Amino acid sequence: MSSTLFTILLSFFSVGALLSLFWSQKKTISNLCSNLFAIAGSLTGIILGAFILVTQEVTSLIFVTGLPLFSLSLRFDMLAGYFMLIIGLIGLASSLFGMGYMRQYFKLYNIGLFGFFYNLFLLSLFLVVTASNGLYFLFVWEIMSLTSFFLVIFEHKHHDTIKAGILYFIMTHVGTMFLLAALLLLYGATHTFDFWQIRVLAGTIPDWLKDTVFVFALLGFGTKAGIIPLHIWLPKAHSAAPSHVSALMSGVMIKMGIFMLFRLFLDIFPNIPLWWGIVVLIIGACSSLLGVLYALAEHDLKRLLAYHSIENIGIILLGLGSSMIFFSLQQPVLAALAALAGLFHTLNHAVFKSLLFLGAGSVISQTGTRNLEKYGGLIKVMPYTALFFLVGAVAISGLPPLNGFASEWLTFQSLFAGVQDPRIGLRSLFLFAGGALALTGGLAAACFVKAFGITFLARPRSTESKEAKESSWMLVVPMGFLAVLCVAIGFGAGNVVAILEQVVAQFTLFRPSEIVAHEGSTVVIQNGFASMNMPILILTLIAVTSLVFLLTRWVSRKQKVVRDVTWDGGYTGLLPFMEITATAFSRSLVLIFKGLFQPTQQKKLEYIDANIRYFTKTHEINFATKNVFEVYLYQPLLAVSIMLTKKVKQIQGGNLNAYILYIFLTLIGLFFWARYF
Amino acid sequence: MLLIILKLILLPLLAPLGVGIIRKVKAMMQSRPGASIIQPYFDLWKLFHKNETISRDASWIFLVTPYILFAISCIVLIAVPVFGKAEIHVPFGDFLTVIFLLATGTFFLALAGIDVGSPFGGFGSSREMTLAALAEAILIFTLLPVAFLTDTTNIAMMAVLATNLSMISYFALLFAFLGYLIALFVETGRIPFDNAATHLELTMIHEAMILEYSGKRLALIEWANANKLFFFALLGANIFFPSGLTMYSDTMSLLLALVMSLFKVGVLLVVVALIESVIAKYRFFRLPDILLTGFVFGIIAIIATNAL
Amino acid sequence: MSIHSKIIATKQTIIPIDVLSQEEDVVQIKEKMNKKIRHLFKGSLAIREVDAGSSNAEEQELTALANTFYDSERFGIHFVASPRHADMLMVTGPVSRNMARALKKTYEATPEPKIVVAVGDGAIDGGIFKGSYGIVGGVHEVIPVHFQIPGDPPSAKQILISLLSIIESLDRKGAKK
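Residue numbers (my numbering), protein chains in the order written: chain A, 1 to 677; chain B, 1 to 308; chain C, 1 to 177.
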């Protein structure tokens, strides 16, 4: 059954890709083809994922190819099923959105080619989560990286897009390089590329080799996931891509890194040493905190969202890291809880982040700018986009009663469990992580007050936002779908936890009996240490709010509501530029964390009469922050590599004779090596 | 269930009294009689019977925020214990849930501040969110030690079980309480963080966001603030000084426990007012220092808890 | 601690209520208030002060209302920061041409029911600035005025007494109807 569904899925995406390319001259048909087949494929993915989750059936398929070591090994288990469900849901929404969104590009770019890569990209995501042979995995991983690279540089007429694309290309291949090294090391120790055989043989791998593989895998998958400090490609690439591609990349693709980290450290390697978990936890804490802080300083809507992806990856890693630590400490119940929290947040982040990116896309397609300072007042002209964006904003800030809260709550609980550890070092570590998460939650709320408030509220700050209209239904419906999903997952948090218990139970590390407790819709942690009941909370909220509304209506039934202008202190009229701006909103937080941002402020004053300095003609303030990672990490790295390449250039002078000499010398060397070693 | 509904009605009705007490004590500290302690009720009654003037730029966010804020402030009051063991079965009594519910209210209020496009509202929101972001962590970290000592995160349960704690654990709780007090001051907008009585827009935090509200919506927001103050006082009084909570559920002991709770709240509010009277408002960028102090108190308390 | 004991040791110097019960000559010019409003404003009156070009003398006196001697707060009278929160506008000064519009906007921004009180001779008819080209005239030329408190400036005591009798008179007017 799984294999049949997977074949259908495969053919949908392939046909979509080819048809889209075939009709690339007829843009409308091409667009329709690519997205309709993508929708069909995604739907199949949802069905397949749900099917695996319901039947809990593990299927392995191996197609032996003529090549040695390289076999098309597929494996459908609960974890893969869960991720397929996520990919399917986001793919569905993004493809429907894309159908409307791509219209603005009809006259400018090649739609057929886009559709081709788009379908291949979605397909590669499904292939990555099912791959179970190392080489084959690298192959599909590379397809994913390349297709997403082509999607990022789709708007290739902008210079910045190309630059962002190149950066992404380099970073992702640096990551792949580490992955290749890690896999080769594993092959060296076990003589197989098959993940499940590696799992069996994992006990025989020497410790130092396992540690090296851990570091390489963390670097490789971490680059894809966008952990700090390997994150620099993420804000640039995500903001350059078309919005529904950003939604897919941010919602799903960076999760592939997370998926493999879960797979490797919780599923494939047994008996992980303690320090692995500690490293992951520290990286998680730093990524979440720094991610949200950078997001605060950002005033490009899509980059802001991209930085929030880094934050949320950090939160997921907090779950993964504590799970690894608990497992090393032989506390499988807590380990399962933490892993569950991480996986739950993966789903939630995929849903609300894609929702927010689609919302951003809807806004950008109307206003033509990504600059927050140019927006304002869009809630009146784009009511649906605003409503759905608000749902996403509340969810990502981890506020009840939506889904973000449920998973952050679980993450908090697993960190709290760590704080109770008797070892002082670990306790301090978990305290640090808990503090980082608490601060992250608050800062994320601040950041989304800014993002939503500046974009949708107050009055329009530019003519573009004044003339904006609501996007077409094709853009609004997928957002609505994801928003409903946010509410539904929040409401049914208990049920999702129940499913995730099964997913987690399938990890070899956890025996099926050791599961987090849940009683109906109530999630109960650690024998009643903490419990949460989302449905009752939501219903109480609704009931009390409506009661308050009705009572107030009744008490003040005779009073009238008068509409007037905003109170302006008696001034002759408030102008939009007097409203608070995104930069101003986050300025106090930037100044509080000035060690990180290193803000610079330049004032330029011009007087009407330079001798009498009373009346200013223009007053310009430049408030800028420094990207510490670029300045202190990547620029020195770049300088070193440029210096090295200059050294290499000396032996690579372009002289053909010299090259032949090199080849000759190498050959001689190889002969000797083969002879004597 | 009956008790929950009783609390839902009773506590919001009592809440404005808390504001009245603080104002009265502060007035007495300034050598003047001041308004009577039931003044807040008059204010609310008047506001409910006034017309509303709402900006044309306001969207539905501005219109629904007071209702959400008020409803949340009532719901969090349910979660706090007043009587004792009889009310531990609140399905959302977990302290994280309660803290994040309050954050939801702040989130919407900050949006409403931006909504009308007045410059005052905008920077009010900015400041409020800045402080709220930092304060949330303190609140979590100062309640956590109590949760560890009592092995539950359900607020009512925490309070009930805290009655049996040994004297030595009060050493840890002392630090937690100090940190909590700082969280109380920042969350309820007290001096040195915010001055509720200020008329100067440039120094406002909370007031700046609600400058645009009038009539019944203003009344709801003011009332929600009273609820919030009452919530923090009640939580502090019953978690850190739980004696007085009853284990029984007959009417007499419930009544006694209620009176005890209210008495403790009164004392705590007087202490708050006394502290407020003798310190000056701090410069905005000095506030993170105080907040950090609160955070450190919380961490000391947690470390001390585990050392016990 | 020393500050607390000092506060307790210091005697209150508040103006007694019986001094305030005497009648002051408040001039009432509108007769639109009804009984309900009196009930509303008896215990709680929020005042927004509008300086429409005064010499600041009235402001000094109004500021004094909140001090420890007059303490208007014990009657539920307090000043607010926004006209949206206000029940009463206290306008001072001859309305200068520049402030006329601001005054009108403040009036419009204040939700009903509202009372407008012109404080000081300047606000009543222009006072010593009467006839000047820089002013529009009394407050009543710009917005409807309900009560006037004469004096240049009226003393704080006078203002407080007037305020109390205004609240009382709201009731009497309503009772007659």
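The set of hints was computed from the structure by calculation and includes no laboratory data. Keep in mind that the hints are not guaranteed to be accurate.
[Said to hold, decoys possible] The calculated EDC-like cross-link candidates involving lysine to aspartate or glutamate, where the alpha carbons are at most 16 Å apart (straight line), are:
#1 C:Lys-105 / A:Asp-568
#2 C:Lys-157 / C:Asp-51
#3 C:Lys-104 / A:Asp-564
#4 A:Lys-560 / C:Glu-112
#5 C:Lys-105 / C:Glu-141
#6 B:Lys-85 / B:Asp-250
#7 C:Lys-104 / C:Asp-51
#8 A:Lys-374 / A:Glu-467
#9 C:Lys-104 / A:Asp-568
#10 B:Lys-26 / B:Glu-276
#11 A:Lys-594 / B:Asp-289
#12 A:Lys-163 / A:Glu-630
#13 A:Lys-558 / C:Glu-168
#14 A:Lys-380 / A:Glu-464
#15 C:Lys-105 / A:Asp-564
#16 A:Lys-560 / C:Glu-141
Model, not experiment: these values are computed from the prediction.
Evaluation of the provided hints:
A distance of roughly 9 Å separates the Cα atoms of Lys-105 (chain C) and Asp-568 (chain A); the hinted pair therefore holds under the 16 Å criterion. Under the criterion of a C-alpha separation no larger than 16 Å, the hint pairing Lys-157 (chain C) with Asp-51 (chain C) is inconsistent with the structure, at around 20 Å. Proximity of Lys-104 (chain C) to Asp-564 (chain A) is assessed by CA-CA distance (about 13 Å); at most 16 Å being required, the pair is judged to hold. A distance of roughly 9 Å separates the Cα atoms of Lys-560 (chain A) and Glu-112 (chain C); the hinted pair therefore holds under the 16 Å criterion.
Of the supplied pair hints, the one linking Lys-105 (chain C) and Glu-141 (chain C) holds, its CA atoms being roughly 14 Å apart against a limit of 16 Å. Straight-line distance between C-alpha atoms of Lys-85 (chain B) and Asp-250 (chain B) comes to about 11 Å, which keeps the hinted pair within the 16 Å bound. Taking the CA atoms of Lys-104 (chain C) and Asp-51 (chain C), the gap is about 12 Å. The hint holds against a cut of 16 Å. Restraint check: the Cα-Cα separation between Lys-374 (chain A) and Glu-467 (chain A) comes to about 12 Å, which is no more than 16 Å; the hinted pair holds.
For the suggested pair Lys-104 (chain C) and Asp-568 (chain A), the alpha carbons sit about 12 Å apart, so the restraint of at most 16 Å is met. With a C-alpha separation of about 8 Å, the suggested pairing of Lys-26 (chain B) with Glu-276 (chain B) holds against the 16 Å cut-off. Distance hint between Lys-594 (chain A) and Asp-289 (chain B) is fulfilled; the C-alpha atoms sit about 14 Å from each other, no more than 16 Å. For the suggested pair Lys-163 (chain A) and Glu-630 (chain A), the alpha carbons sit about 15 Å apart, so the restraint of at most 16 Å is met.
Using a Cα cut-off of 16 Å, the hinted pair Lys-558 (chain A) and Glu-168 (chain C) is violated, with the two alpha carbons roughly 24 Å apart. A distance of roughly 14 Å separates the Cα atoms of Lys-380 (chain A) and Glu-464 (chain A); the hinted pair therefore holds under the 16 Å criterion. In summary, the hint linking Lys-105 (chain C) to Asp-564 (chain A) is supported, as the alpha carbons are separated by about 10 Å, within the 16 Å threshold. Taking the CA atoms of Lys-560 (chain A) and Glu-141 (chain C), the gap is near 27 Å; set against the 16 Å cutoff, the hint is violated.
This entry does not satisfy hints 2, 13 and 16, going by the numbered hints stated previously.
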